[in-house]
Each structure stands twice: as C-alpha cells, then as structure tokens.
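Undergrad: Construct the entire structure; sequences and hints are all you get.
2 protein chains.
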Amino acid sequence: MGRWEPDAESRFRAAAIELFGEIGYEQTTVAAIAERAGLTSRTFFRYFSDKREVLFNGTKPLQEAMLEALSQAPAEASPLEAITAALLKAGDFFDDDRRPFARQRSKVIAANAELRERELMKLATLSAMLAQALRERGASEPGASLAAEVGIAVFRTAFEQWVGDGERCDYGGKVHESLEQLRMLWAN
Amino acid sequence: MGRWEPDAESRFRAAAIELFGEIGYEQTTVAAIAERAGLTSRTFFRYFSDKREVLFNGTKPLQEAMLEALSQAPAEASPLEAITAALLKAGDFFDDDRRPFARQRSKVIAANAELRERELMKLATLSAMLAQALRERGASEPGASLAAEVGIAVFRTAFEQWVGDGERCDYGGKVHESLEQLRMLWAN
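So the protein lines, in turn, are chains A and B. With UniProt numbering as the guide, the letters of the first sequence map in order to residues 1 to 188. With UniProt numbering as the guide, the letters of the second sequence map in order to residues 1 to 188.
To be clear, the hints were calculated from the coordinates, so they are not data collected in a lab. From the three backbone atoms N, C-alpha and C, an ideal C-beta is built for every residue, glycine too. Heads up, a few of these hints could be off.
[To be verified] Sample of chain A residues facing chain B (criterion: CB under 8 angstroms; computed from the structure):
| hint | residue |
| --- | --- |
| 1 | Ala124 |
| 2 | Glu149 |
| 3 | Leu182 |
TA: Structure below.
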C-alpha cells in the first residue's frame, strides 16, 4: 500500500491509521507501521516522536490557524464574531480529502481512554488559548472564557457531524447551524 | 489534628488535603494520611479505594443530584431552563463550609496533569449525562449536546469563581451571572 503516496509522512499516517483500525492502537508498534508503509522505523522517528503523535501532530497548526484568524478579526467584531472567525478558519483543515483519516482517527480515540483524555486536554488548551486571545482584544472575564467554551462546544459538535457516518457534510455549515442552535436556547 | 472531626471519612479528607498541599499529591502516601488523621490505613481503605478518591468521591452524588433536578424540571421547561435547574442544584454542595476543602482541592488538581485529565473526564461524563437527560425530555441533537456543553461551561465558570481567592461568593449568583454573560454574546 501507499506507493502512490507523495511523501513519507503521509505514508506513515495512512499505515498507522490502518493498523490502529485493524489490530487496535495499543497493539500497533512503530515497527509494524514502518513495515506497512514500506519504510523504516528510523525514518518514522524523523516525523513523529511516537505513535500517538500520528493522531495529534495536526493540533498545533490547527490551533495556530484558529488563533491567527481570531486575532485578524476586525477590532469592532464582538467576542462571538471573533470566535466564529476562528471556528470557520478550522474548516481549512476539514475538507473531503481529509475526512477518511479524521473519521478513523475519531474511532481510534473513542476506543482508548488515554487518547480520549489527550483529546480533552487538547480542547481545554485550545479553549484557554482562545480566551486569552479574546482578553487581548479587550474582552473581560468571565465573558472571555465563556465565549471560548462556547466556541469549543460548537467546534466539537460541528467536527463530530463532519466526521459522522452520513453523507458529505460541510463543516462550516455545521458551525453556523450549531451557533444558531445555541442562539435559540435564549430565544424563548 | 482532627480530633474534633465528627467521623473518620472527614478526618481522612482533611488530613489528605493538608498533606497534598504541604508535600504534594504525588509524595503523599495513604500511610501518611492515616497517621495525620490518627487512624489506620486499613480504615482508610474502607472509605476510599486510593488517595485520588479523596478528591473525586464527591462526583457521583453531585452528578446524581444534578440529573435528578433536571429530570424534575417541569415538562414545559426549555432545555436551558432544565439545565439551569441542574446547575443551581449543584449549589447544595457548594456552601461556605465546604469552600476551604474545595479551594485546596482545586489547587492540588491544577498542579498535577493526571488529576487535571481526570477532572476533564469527569466534566465530559457529566456533559454526556446531561445531554442524555435532555434527550429523554424530548430535545433533539445537536441541540441537547450543545445545551449540556453550555451548562458545563457555566458550571466551571461559576465553580471557579466560588473557589477563587476573593471574598465570600454565592455559587448560585455566579451561575445566573454566567448565563447572562452568555445571553449577551447573542445580544448585539
């Protein structure tokens, strides 16, 4: 498998996610990932510090893109508008090409308590970063942290629908739908 | 210490939280907790499966009380009203007598990555339980999960203010303030 893959990193990623699904995350070794990818373990460690990083090394670019979008929102944008800009920017990472990997990744994480905790820590860190960025724009507490938490709730909801088993799905559309659902909580 | 404590469980709890603060969570042994409490390790294990349970054995009664309050909200209550009933019910656990323990507990958890992960898992579980209870009242997805996540954000915010270093603080009042802050996100 993977000969058509353009580069080693994506070959490792494809091999790892296959093996996590076939034999389980805990049972998968770096040696097995390398063998499946037709590469060596030594090369694996040039790209990933361990097998867990195959699932989480997309976190940092995603966080940076979201924070940059938030900081570039117009000065007059409300906290919710600035958060929305960050949420929509994440859609750059969630196109149809990446959906099979993301879907399999979600299944692997759901099946492993340690990975679920890591995912929760990742989202808690992102929430704290978004709150900090809102404070830097002049928002005060606890409003900044609440707006950031709302953003994370919307992010999770839209992301889960995007990776869900149904038809093709537009992440950005799900962000808007989730925000509308939240607005409706206060509407009656 | 602790001779005035009315029962063994609260003596262990007070001894443990003192030691966690003095020498750190990881360095504290059950034997040291028992010695500080003037009791035996054997007695400790009648109340707690391990030292971590000193920090987390209040979770289940809190969850149960919140879920019961949600289920007892009037049938015509909106999802937000039902969640608010659950949030306010948690205030039964957050009175001035419990605040010193809760405050020290928060500091211990903040200083230890494993405990932070456990706390996040606890809140994620509570969120899933609240969403399930909303669905049983007829709410649909993703609205139920979003309302539950909003509830957890409010819970965290109000709780953090309640345990904060400032003056006396009414948890229920902070719940209402946080909900108002969220409503304002959509107000302009």
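Undergrad: Against the earlier hints, flag every one the structure doesn't satisfy and list their numbers going up.
TA: none
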